[in-house]
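Chains as they are written, first to last, in our numbering: chain A, 1 to 488; chain B, 1001 to 1123; chain C, 2001 to 2104.
In short, the hints are calculated from the structure, not lab data.
It is possible that part of the hints are untrue.
In silico DSS-like links for lysine-lysine, alpha-carbon gap of 30 Å or less [what the hints assert, rightly or not]:
id : chain 1 : residue 1 : chain 2 : residue 2
1  : A       : Lys-372   : A       : Lys-95
2  : B       : Lys-1043  : A       : Lys-29
3  : B       : Lys-1117  : A       : Lys-98
4  : A       : Lys-191   : A       : Lys-95
5  : B       : Lys-1090  : A       : Lys-63
6  : B       : Lys-1056  : A       : Lys-32
7  : A       : Lys-484   : A       : Lys-95
8  : C       : Lys-2032  : A       : Lys-147
9  : A       : Lys-31    : A       : Lys-98
10 : A       : Lys-95    : A       : Lys-63
11 : A       : Lys-147   : A       : Lys-95
12 : B       : Lys-1039  : B       : Lys-1027
13 : A       : Lys-145   : B       : Lys-1117
14 : A       : Lys-358   : A       : Lys-372
15 : A       : Lys-98    : A       : Lys-29
16 : A       : Lys-31    : B       : Lys-1117
17 : B       : Lys-1117  : A       : Lys-147
18 : A       : Lys-31    : A       : Lys-358
19 : B       : Lys-1038  : B       : Lys-1056
20 : A       : Lys-191   : A       : Lys-63
21 : A       : Lys-147   : A       : Lys-63
22 : B       : Lys-1117  : A       : Lys-95
23 : A       : Lys-484   : A       : Lys-63
24 : A       : Lys-147   : A       : Lys-372
25 : A       : Lys-145   : A       : Lys-358
26 : A       : Lys-145   : A       : Lys-32
27 : B       : Lys-1056  : B       : Lys-1043
28 : A       : Lys-145   : C       : Lys-2032
29 : B       : Lys-1043  : B       : Lys-1027
30 : C       : Lys-2032  : B       : Lys-1056
31 : A       : Lys-191   : A       : Lys-484
32 : A       : Lys-147   : A       : Lys-29
33 : A       : Lys-435   : A       : Lys-484
Just so you know, these numbers come straight off a predicted model, no measurement behind them.
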Amino acid sequence: MMDQIRYIAPEISLLCFALIVIVLDLFIKPKKVLPVIAVAGSFVALLAVLMLWGVPVTDVFNKMLAVDQFGLFFKALILVSLVLVILASNRYVLKFEKFQGEFYALLMLSAIGLMLLVSAINLITIYVALELSSISLYVLVSFLKDKQSSEAGLKYLILGAVASAILLYGMALIFGTTGNTCLTCIADYVKGMPAASLAGSPVLLIGLVLLISGFGFKIASVPFQMWVPDVYEGAPTPITAYLSVASKAAGFAVIARILLTAFGMPAWLHNDWAMIIAVLAVLTMTVGNIVALVQTNIKRLFGYSSIAQAGYLMVGLAAMGMAAQADSTIRSGLIFFLFSYTLTNLGAFIAIIAISNKINSDNIDDYSGMAKRSPLLATGLTICLVSLTGLPPTAGLIAKIYIFSGAVDQGLLWLVIIAVINSCISAFYYFKVVKVMWMGEPVNNDEVTSTWPEWLALGFCCLAVVVIGIIPGAFMAITQNAAKIFGI
Amino acid sequence: MLEQYGYVGILLIIAVGFTITIPLLPKLLQLIGLIPHKKNPTKSGQYECGMQTIGKNWVQFNFRYYFFAVLFVLLDMLTIFLYTWAVNIKELGIGGLVAVGVFLVILTIGYLYAWRKGALQWK
Amino acid sequence: MLSVGLDQFLVLSAVLFCIGLFGVLTQRNVIKIIMCVEIMLNAVNITLIAFSRYVTPVILTGQLFAIFVMVVAAAEVAVGIAIIFAAYRNRESVDIENFNILKW
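Work out the full structure, taking the sequences as your base and the hints as a guide.
In structure tokens:
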């Protein structure tokens, strides 16, 4: 057991740094050093992830965790978004100056939970990792302790707890039917069942449906999306950013892993759940896009936009389900989209954080004339919005082409048509923000300034979005490598 | 199988009969004059002995109890894991010892946090 | 004598789970909602332990799972009550109807 510790070196190193942050926060006065330690810890963990990249696929701790490129890729993605969120909250933390230590420590703890979640291959570890990240996020969402934030935290807590109870019931039923909690053992059992008795096994199928519902909450798919706009609006903006990317990416990673590993085998079974996901995808993107059209608060707008993006991601998940036997090119569409979405959305949120630090408002009308008050921030936000819409020369376009062409190959043309129509609708509200920023008259001529960590984070995101948009080949190779483990 | 439910039926009848008769018994005995009937305030109070009750029964507890409750829950969880470790202490060997040690260190940091933040003080 | 098997436990836990879910959907007091979530989690524990006893009597995976569920549930309640405190201080109420700043 001890020799396997090195496989979870990223999590352990991040945990050590989180504990250091907590203890230091108790004993020292100057808080400036805390974000430095947090970022350093994330980089050490990132280094550990990169060092593990080459190792052969294996499972550790009695099939509790897997070490594979899929998990490592998402770990790296989570760590990158953790670093960017910490950098971006550089000025925001002054709103709760006394509690900076807790803020960074909880962020890191939730990142550990997400990192364990993406590599978990046992229902027990999946549940514990999910709760580790969720419970930290409940606290972070209500961190401001004002009316809005505590209300958002309360809603997130209640709905999250109910979702996890439902998820757990699904897990218990799957465990009861198959007698196992490890995903590969479940897969072996499901493969071994005669088709007739599998179709006639309501307990297993109910378990599967409950499982999808429970994760539907995490990835914010309709009809489990009610919490998203409220929580996004009320939470501290850096946490909103973190929720919309890291938590969502990990949710998609784990749901893809469960569905493909444990229920990927009899052809009709994976076609069935792929169809469920496809129908949910239509609902998710339509609801997200249509309600987003009438939003006036930018955080709420991004809440609905992230629901819509979850819909596109579910198109990829459905294609993955249909393509369980095909090569890894199609299966990597989801991963590539998550990659580009994470950087794009994070970039947009970093710009929003920087702007709202100055103007203290989240109303879209207050963004009027932002191009004159801070051209660089407005440019950054515009690049990210263009990418979210899916226009050249950005990562969003490549990701959408990639994910939709994969779905068309798998005979989901109807789904892709709906998704493209939805993308056109989304252009309306994304460009509403752009128009307000560039065409609107400035409310006043105060310059909107920002600090170098914010510049660094925003610059990194925008650069990545454009670079991926222009030379996507190298990144596609990485995501295809990550998708390889689901080959059959 | 069916006659097994008969036992449940009998149990049910006894239970319902018992709960109905017992509260009615004093009234019955009163009616036939076996027990005296004298009202007095102490007798009709909620408790026949001890202190007089003061105030309403919907009292808000001081929220500081909450901190102690949480710290207690922490110990509770500690017991769960220590117990499962203790019953298998031989098989788990040195690896288990190290794991529990790490667990305890993390918990201690939790208590350290509570102590430094003043959660252990009643102020 | 009476024999109690897997089915009885599963029905019991399903009923408990539904009671919990019903409570979550209908109760207005936040504390009560948290209590109902606890009922749901404990219903799951009954399922897990019943399956562990009747389906895999030799392997204790289900019981292990139940232990983790208990621990996580305790952590969730501890955090939940803290968040309810924060919300209560802001508006002197734990009624879910009063949490209505954020909508549409």
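Against the structure, the hints:
As the CA atoms of A:Lys-372 and A:Lys-95 are separated by approximately 27 Å, the hinted pair is consistent with the 30 Å bound. A C-alpha spacing of about 63 Å is found between B:Lys-1043 and A:Lys-29, which places the hinted pair above 30 Å, so the restraint is violated. A C-alpha spacing of about 11 Å is found between B:Lys-1117 and A:Lys-98, which places the hinted pair at or below 30 Å, so the restraint holds. Between A:Lys-191 and A:Lys-95 the alpha-carbon distance is near 54 Å, which puts this suggested pair outside the 30 Å criterion.
Straight-line distance between C-alpha atoms of B:Lys-1090 and A:Lys-63 comes to about 23 Å, which keeps the hinted pair within the 30 Å bound. Our distance criterion of 30 Å between C-alpha atoms is broken by B:Lys-1056 and A:Lys-32, whose separation comes to about 50 Å. As the CA atoms of A:Lys-484 and A:Lys-95 are separated by approximately 45 Å, the hinted pair breaks the 30 Å bound. Note on C:Lys-2032 and A:Lys-147: the hinted pairing holds, with a Cα-Cα distance of about 21 Å set against a maximum of 30 Å.
Distance hint between A:Lys-31 and A:Lys-98 is fulfilled; the C-alpha atoms sit about 9 Å from each other, no more than 30 Å. A distance of roughly 43 Å separates the Cα atoms of A:Lys-95 and A:Lys-63; the hinted pair therefore is violated under the 30 Å criterion. For the hint linking A:Lys-147 to A:Lys-95, the alpha-carbon distance of about 15 Å falls within 30 Å, and the restraint holds. For the proposed pair B:Lys-1039 and B:Lys-1027, the alpha carbon gap of about 14 Å is at most 30 Å, so the pair holds.
Among the hinted pairs, A:Lys-145 with B:Lys-1117 is consistent with the structure: their alpha-carbon atoms are about 17 Å apart, no more than 30 Å. Using a Cα cut-off of 30 Å, the hinted pair A:Lys-358 and A:Lys-372 holds, with the two alpha carbons roughly 14 Å apart. Between the alpha carbons of A:Lys-98 and A:Lys-29 the distance comes to roughly 10 Å, so the proposed pair stays at or under 30 Å and holds. Between A:Lys-31 and B:Lys-1117, the direct Cα distance comes to roughly 16 Å. Compliance with the 30 Å bound is thereby established for this hinted pair.
Proposed proximity of B:Lys-1117 and A:Lys-147 is supported: the alpha carbons are some 24 Å apart, at most 30 Å. The straight-line distance between the Cα atoms of A:Lys-31 and A:Lys-358 is roughly 22 Å, inside the 30 Å bound, and the hint therefore holds. Using a Cα cut-off of 30 Å, the hinted pair B:Lys-1038 and B:Lys-1056 holds, with the two alpha carbons roughly 28 Å apart. Note on A:Lys-191 and A:Lys-63: the hinted pairing holds, with a Cα-Cα distance of about 19 Å set against a maximum of 30 Å.
Between the alpha carbons of A:Lys-147 and A:Lys-63 the distance comes to roughly 44 Å, so the proposed pair goes past 30 Å and is violated. For a cut-off of 30 Å, the pair hint linking B:Lys-1117 to A:Lys-95 stands: about 19 Å separates their Cα positions. A threshold of 30 Å between alpha carbons decides the hint, and for A:Lys-484 with A:Lys-63 the separation of about 19 Å falls inside it, so the pair holds. Distance restraint check for A:Lys-147 and A:Lys-372: the Cα-Cα separation of roughly 33 Å exceeds the 30 Å cut-off, and the hinted pair is therefore not satisfied.
Under the criterion of a C-alpha separation no larger than 30 Å, the hint pairing A:Lys-145 with A:Lys-358 is consistent with the structure, at around 21 Å. For the proposed pair A:Lys-145 and A:Lys-32, the alpha carbon gap of about 22 Å is at most 30 Å, so the pair holds. A distance of roughly 20 Å separates the Cα atoms of B:Lys-1056 and B:Lys-1043; the hinted pair therefore holds under the 30 Å criterion. Using a Cα cut-off of 30 Å, the hinted pair A:Lys-145 and C:Lys-2032 holds, with the two alpha carbons roughly 22 Å apart.
With a CA separation close to 15 Å, the supplied pair B:Lys-1043 and B:Lys-1027 stays within the 30 Å bound. Between the alpha carbons of C:Lys-2032 and B:Lys-1056 the distance comes to roughly 21 Å, so the proposed pair stays at or under 30 Å and holds. Among the hinted pairs, A:Lys-191 with A:Lys-484 is consistent with the structure: their alpha-carbon atoms are about 21 Å apart, no more than 30 Å. In summary, the hint linking A:Lys-147 to A:Lys-29 is supported, as the alpha carbons are separated by about 29 Å, within the 30 Å threshold.
At roughly 42 Å between alpha-carbon atoms, A:Lys-435 and A:Lys-484 are farther apart than 30 Å, so this suggested pair is violated.
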